[in-house]
Amino acid sequence: MGPNGSGKSTLASVIAGKEDYDVTEGEILFKDEDISELDPEERAYKGIFLSFQYPVEIPGVTVTNFIRTAINETRKAQKLEPMPGAEMLKKIREKADLLGIDRRFLSRSLNEGFSGGEKKRNEIFQMAMMDPTLAILDETDSGLDIDSLKVVADGVNALRSEDKSIVVITHYQRLLEYIVPDFVHVIMDGKIVKSGGKELALELDSKGYDWLKEELV
Amino acid sequence: MTFKDKLLSSYIALEDYLEYDSPIHDVRNKAIKIFEEKGFPTRRDEAWKYTSINALLKPDYAIFSNKEKNVKLEDVRKYFLHEIDTYKIVFVDGVYNAFLSETTHDSVDVCLLSSALVKSQYQPVIEAYFNKVAKSDGLTALNTAFTREGAYIHIPAHKEVRKPIEIINFSTGNEAAIFLQPRNLIVVGENAHVQIIERHQSLTDNKTLTNAVTEVFTGKRANVDYYKIQNDRLTASLIDHTYISQEQGSNCQVHTFSFGGNIVRNNLNFYQNGERCESTMKGVTILGDRQHIDHDTLVHHTAPNCESHQDYKGLYGGRSTGVFNGKIVVDKIAQKIDAFQQNNNILIDDGASINSKPQLEIFADDVRCTHGCTIGQFDEEALFYLRSRGIGLKEAEALLMYAFANTVLESVRIPELKKRVNKLIANKIGVSLGFEL
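Protein chains in written order, with this note's numbering: chain H, 189 to 405; chain B, 21 to 457.
Keep in mind that the hints were calculated from the coordinates and are not lab data.
Beta carbons are placed, not taken as given, at the ideal position from N, Cα and C, and that holds for glycine.
Some hints here could point you the wrong way.
[As the list claims (entries may be wrong)] Only pairs whose alpha carbons sit at most 25 Å apart, straight line, appear in this in silico SDA-like list of lysine to any residue:
| hint | chain 1 | residue 1 | chain 2 | residue 2 |
| --- | --- | --- | --- | --- |
| 1 | H | Lys-386 | H | Leu-400 |
| 2 | H | Lys-264 | B | Asn-447 |
| 3 | H | Lys-264 | H | Glu-275 |
| 4 | B | Lys-414 | H | Met-276 |
| 5 | H | Lys-206 | H | Ser-297 |
| 6 | H | Lys-264 | B | Ala-446 |
| 7 | B | Lys-438 | B | Ala-323 |
| 8 | H | Lys-264 | B | Asn-442 |
| 9 | B | Lys-414 | H | Tyr-233 |
| 10 | H | Lys-307 | B | Ala-418 |
| 11 | B | Lys-414 | H | Tyr-242 |
| 12 | H | Lys-264 | H | Thr-198 |
| 13 | H | Lys-234 | B | Glu-417 |
| 14 | B | Lys-183 | B | Lys-155 |
[Stated by the list, open to error] Pulled from the structure, derived: some chain H residues nowhere near chain B, Cβ distances all over 10 Å:
| hint | residue |
| --- | --- |
| 15 | Gly-305 |
| 16 | Ser-336 |
| 17 | Asp-398 |
Using the sequences and the hints, build the whole thing.
The following block contains the structure:
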């Protein structure tokens, strides 16, 4: 969590490997391995998934073709055979139903003309399909109404397990009522300034970031 | 002797060779005089500012092929849309090849221009339509003067032609360099419906220069669906002039897929002569090496309540160059026109370049004319988005290229052709993605 401009999204982009950013110091250790020199796709093969704050529109590529390419390219990199068509279709339908995504959506161009909420749901759908070890959700709750929020949260919670991690980047406490955090870290000016349990989120919600600024001074 | 001189002296031989009192004799004579006067275009002509054909005029071309070369079906089968049943009008070095063709006179005429110019039953159509929409620039006139062979397609009123018609011009490399001038005449009656696929293909790396003219007359409420496949060798160049005249309520669609050839120039002209006409021009161009293409389009709206739609997409790699010159003319009485023109280009490599010029001449005051042109590189955000899902850089670029071309492929109405073009695009891009658009 953190106020606007604190560096939350930048952190997410850097972990996912966005080339606009140059890592000048330090390491990114994922399962004891430094991934800071890896390409974005290589990080995806390691099991890292970023749910974008502003998902990109790709006219001309359907949701289905996109996710099929992503899964099979990943399998190729992992020296696996492509997923058989029937299995792929079944998995797509399963995850789409899980997230309340209409079948017709799947043949639409990726994110083109989607509402903010639809884009976010599509991100979680992709996450469910890719089944990552580390999922970073960048402001997933922005633009979602309560119903969509619940559906998205259910999708995320279905992923939770002992050997998986989820980093939820958010401004507000609301999402955290549905996706209850194990840890809360607060970023300000690019640094993690305070850490705690789920109560920290509640405290921030009632007292605001200014309280924290004063406390740190 | 320049190529122009050679052509002028060959013209006399042509008239001797034909040996009959041709109904188009006068038309030819007038045309050769026009060519004599105007000659070949140069860079000083505004319409040819970015495309020089000087190098193309240097080889010692054979203008007529007298040696007949046998072409085996198995060698050329892949150039036909063999997945489905089609009519075929096939020429080899400018000469009709009966063995590879499949023509008909069964309620429609799908045959040869050379027959139509000689036999009396075709005379009314020839007199009514031949050279009536083609213009008189030097190159078109040159083709008119030398008119000898090509496709003759006459669809009577209300006839829906169930099989697409393929017009294919092969050059065998029998001559070291050959100059071909096919001339197509296509007359579609009221409310009739036809699909045409046209292609030029060299079978060797001997030089070929083709100067083709096609006239299409679309009757009231008729529908013409035309596809040009331009995927020839790097030693073949093409200058195409297609003139389409539309009557009231007609709908014409031309797709041009340009992946091959050395220098390719497409002059595509639509003339809307009645109300409620619809004209669609779409193209996908993917070039590399030092290929060059020039798309010169014209839609002339002369009547009210019509529509036109242009969408050309270009992907230029290597040191290839492209030109898009899209002209829309709306006459004063042509009110309530809805004209849309779009030209989008991606430059894949630093050495590639494109010149895009939209030209709107609008004399009516109640019209909607939208035009847009973009020239850019790959969208970095989109690339990152794709890579973050495990799609490698090369595949991600290919996906964006496919997606880019898709907006044009969507309107291809022959599924097997769409699949074919998809494969051609995949080959050209060099990456196979495991799915089709």
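So, going through the hints one by one against the coordinates:
1. Lys-386/H with Leu-400/H: Since the Cα atoms of Lys-386/H and Leu-400/H sit roughly 16 Å apart, the hinted pair holds (cutoff 25 Å).
2. Lys-264/H with Asn-447/B: holds, 21 Å
3. Lys-264/H with Glu-275/H: holds, 16 Å
4. Lys-414/B with Met-276/H: holds, 23 Å
5. Lys-206/H with Ser-297/H: holds, 24 Å
6. Lys-264/H with Ala-446/B: Status holds; Cα separation ~19 Å.
7. Lys-438/B with Ala-323/B: The given pair, whose Cα atoms are some 33 Å apart, is violated under the 25 Å limit.
8. Lys-264/H with Asn-442/B: Holds: Lys-264/H and Asn-442/B sit about 23 Å apart, inside 25 Å.
9. Lys-414/B with Tyr-233/H: holds, 16 Å
10. Lys-307/H with Ala-418/B: holds, 23 Å
11. Lys-414/B with Tyr-242/H: holds, 23 Å
12. Lys-264/H with Thr-198/H: violated, 30 Å
13. Lys-234/H with Glu-417/B: holds, 22 Å
14. Lys-183/B with Lys-155/B: violated, 30 Å
15. Gly-305: The assertion about Gly-305/H holds, with a minimum of 18 Å to chain B.
16. Ser-336: Ser-336/H is indeed farther than 10 Å from all Cβ atoms of chain B, at 21 Å.
17. Asp-398: holds, 33 Å
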